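> For the protein sequence lines, the chains are A and B, in the order given. Going by numbering that gives the first Met the number 0, the first residue of the first sequence is number 0, and it counts up by one from there. Going by numbering that gives the first Met the number 0, the first residue of the second sequence is number 0, and it counts up by one from there.
Please note: incorrect hints may appear among the correct ones.
Note that identical chains are pooled: a pair holds if it fits in a single copy or bridges any two copies.
As the list claims (entries may be wrong) - Subject to a maximum C-alpha distance of 20 Å in a straight line, what follows is the list of computed SDA-like cross-link-like pairs (lysine to any residue): (1) K97 to S199; (2) K165 to L77; (3) K97 to S109; (4) K179 to S194; (5) K179 to S193.
Everything labelled a hint here was simulated from the structure, so no lab data went into it. Note that the structure is a prediction, hence the values are computed from the model and not measured.
There are 2 protein chains.
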Amino acid sequence: MNESSIHYTGKDIEGMEKFFRRNLINCLSGFKSVNLIGTISENRETNLSVFSQVIHVGATPPLMGILFRPHSVPRHTLENILSTEVFTINHIHPGIFKQAHQTSARYQVSEFDSTGLTPLYTGQISAPYVKESFLRIGLRFQEKYILMNDTVLIVGKVEELTIPPKIIQEDGFIDLEAIKTITCSGLDKYHTTSSLARLSYPKPAKPLSEIQ
Amino acid sequence: MNESSIHYTGKDIEGMEKFFRRNLINCLSGFKSVNLIGTISENRETNLSVFSQVIHVGATPPLMGILFRPHSVPRHTLENILSTEVFTINHIHPGIFKQAHQTSARYQVSEFDSTGLTPLYTGQISAPYVKESFLRIGLRFQEKYILMNDTVLIVGKVEELTIPPKIIQEDGFIDLEAIKTITCSGLDKYHTTSSLARLSYPKPAKPLSEIQ
Numbered sequence: 000m001n002e003s004s005i006h007y008t009g010k011d012i013e014g015m016e017k018f019f020r021r022n023l024i025n026c027l028s029g030f031k032s033v034n035l036i037g038t039i040s041e042n043r044e045t046n047l048s049v050f051s052q053v054i055h056v057g058a059t060p061p062l063m064g065i066l067f068r069p070h071s072v073p074r075h076t077l078e079n080i081l082s083t084e085v086f087t088i089n090h091i092h093p094g095i096f097k098q099a100h101q102t103s104a105r106y107q108v109s110e111f112d113s114t115g116l117t118p119l120y121t122g123q124i125s126a127p128y129v130k131e132s133f134l135r136i137g138l139r140f141q142e143k144y145i146l147m148n149d150t151v152l153i154v155g156k157v158e159e160l161t162i163p164p165k166i167i168q169e170d171g172f173i174d175l176e177a178i179k180t181i182t183c184s185g186l187d188k189y190h191t192t193s194s195l196a197r198l199s200y201p202k203p204a205k206p207l208s209e210i211q
Numbered sequence: 000m001n002e003s004s005i006h007y008t009g010k011d012i013e014g015m016e017k018f019f020r021r022n023l024i025n026c027l028s029g030f031k032s033v034n035l036i037g038t039i040s041e042n043r044e045t046n047l048s049v050f051s052q053v054i055h056v057g058a059t060p061p062l063m064g065i066l067f068r069p070h071s072v073p074r075h076t077l078e079n080i081l082s083t084e085v086f087t088i089n090h091i092h093p094g095i096f097k098q099a100h101q102t103s104a105r106y107q108v109s110e111f112d113s114t115g116l117t118p119l120y121t122g123q124i125s126a127p128y129v130k131e132s133f134l135r136i137g138l139r140f141q142e143k144y145i146l147m148n149d150t151v152l153i154v155g156k157v158e159e160l161t162i163p164p165k166i167i168q169e170d171g172f173i174d175l176e177a178i179k180t181i182t183c184s185g186l187d188k189y190h191t192t193s194s195l196a197r198l199s200y201p202k203p204a205k206p207l208s209e210i211q
């Protein structure tokens with residue numbers, strides 16, 4: 000497969016048609032997480048939006064990040080997080096992935112109303128969760144970083160977590176396949192997963208074993 | 000499934016046993032990309048390390064990021080990127096995922112020698128690629144950001160890309176399943192993927208269609 004490969008230089012990429020390059024470059028990092036972010040404005044308007052740029056930032060304290068595109072146009076999710084300082088991250092399964100994708104349309108009303116997903120409130124966090132999601136995380140805004148291309152990295156601290164009990168293993172590992180959490184590639188493709196293996200902690204000169 | 004869910008508060012998470020919390024929180028973002036990062040030191044020593052924290056930062060210019068744990072202990076990959084300013088990102092498939100995982104062991108020699116993966120040089124970038132990988136990206140260091148928990152975000156610009164030709168679709172989308180790129184969850188679990196659908200650009204009041 001290597002022998003017949005296409006080879007692009009930086010100049011080749013620069014010269015690509017804009018939409019071709021956007022699709023291509025968005026695929027390079029590999030499979031991505033995909034989540035629904037729920038927020039609420041100061042005027043109590045809810046917003047729900049699908050994001051493929053949620054990352055793990057740290058476990059102690061428990062921090063997660065979202066990378067937003069430049070704030071050069073209105074971005075309701077980002078604006079709501081900055082004004083109310085809370086947001087929710089909700090895993091997506093095959094039963095709701097089309098509704099999740101549809102939240103990206105430019106609606107004049109809340110994406111909850113337009114997609115039929117159900118807002119859920121716990122009292123702990125004022126932002127809405129997605130009732131149909133099986134794993135729901137409530138976060139409080141901590142820091143904002145503006146990167147070199149004007150993308151905005153928001154870091155939040157986990158303040159609430161709702162999760163089905165049977166999928167947490169003895170050592171804390173969560174079996175995401177048991178709740179059918181999906182993954183995505185590029186800007187618009189969605190995938191389910193199948194387990195290859197969970198591997199033991201690697202040490203020099205010691206063969207790996209599979210964790211059951 | 001929702002009715003019987005476990006509910007954790009921030010305080011509950013704070014009180015968790017350290018390794019339990021680390022495993023649990025690392026799973027929260029969902030499925031992650033997993034890649035081999037190749038670097039070289041100023042003394043021409045190669046390094047290869049598996050990372051689940053590679054993200055898409057932008058398409059124009061083509062930027063990708065890696066989030067590193069705090070630089071409080073030696074981190075060869077990070078140090079090599081800062082001194083030689085180049086690195087490679089190499090996709091992982093089931094044929095090399097155990098070797099990829101094994102690169103995390105604390106070797107005294109290059110992870111290429113100890114895992115049997117083959118360094119490959121193109122002349123464009125001094126950092127080594129992984130010959131066994133089907134999708135290989137060469138990048139030049141652009142910026143470093145230190146986040147609130149001392150994790151380090153490195154952003155690089157894509158300067159070279161090698162990719163099998165038949166997996167690039169007409170609009171630039173890359174069919175990662177055709178080269179069996181894998182995904183991971185938590186700290187040590189690996190997964191293959193299966194396509195659900197590629198969905199059309201969402202517009203209000205217009206049903207989604209599937210892109211073939």
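> Would you mind marking each hint as holding or not holding in the structure?
Going through the hints against the structure:
Within a single copy, K97 and S199 get their C-alpha atoms only as close as 36 Å, which misses the 20 Å cut-off; across copies the closest is 10 Å, which meets it. Proximity of K165 to L77 under the C-alpha cut-off of 20 Å is found in neither arrangement, the shortest distances being 34 Å within a copy and 38 Å between copies. In this assembly of identical chains, the alpha carbons of K97 and S109 lie at most 20 Å apart only when taken from the same copy (16 Å versus 45 Å across copies). With identical chains, the CA atoms of K179 and S194 are at most 20 Å apart both within one copy (12 Å) and between copies (13 Å).
Proximity of K179 to S193 under the C-alpha cut-off of 20 Å is found in both arrangements, the shortest distances being 10 Å within a copy and 12 Å between copies.
Checked against the numbered hints listed earlier, the structure breaks hint 2 alone; every other hint is satisfied.
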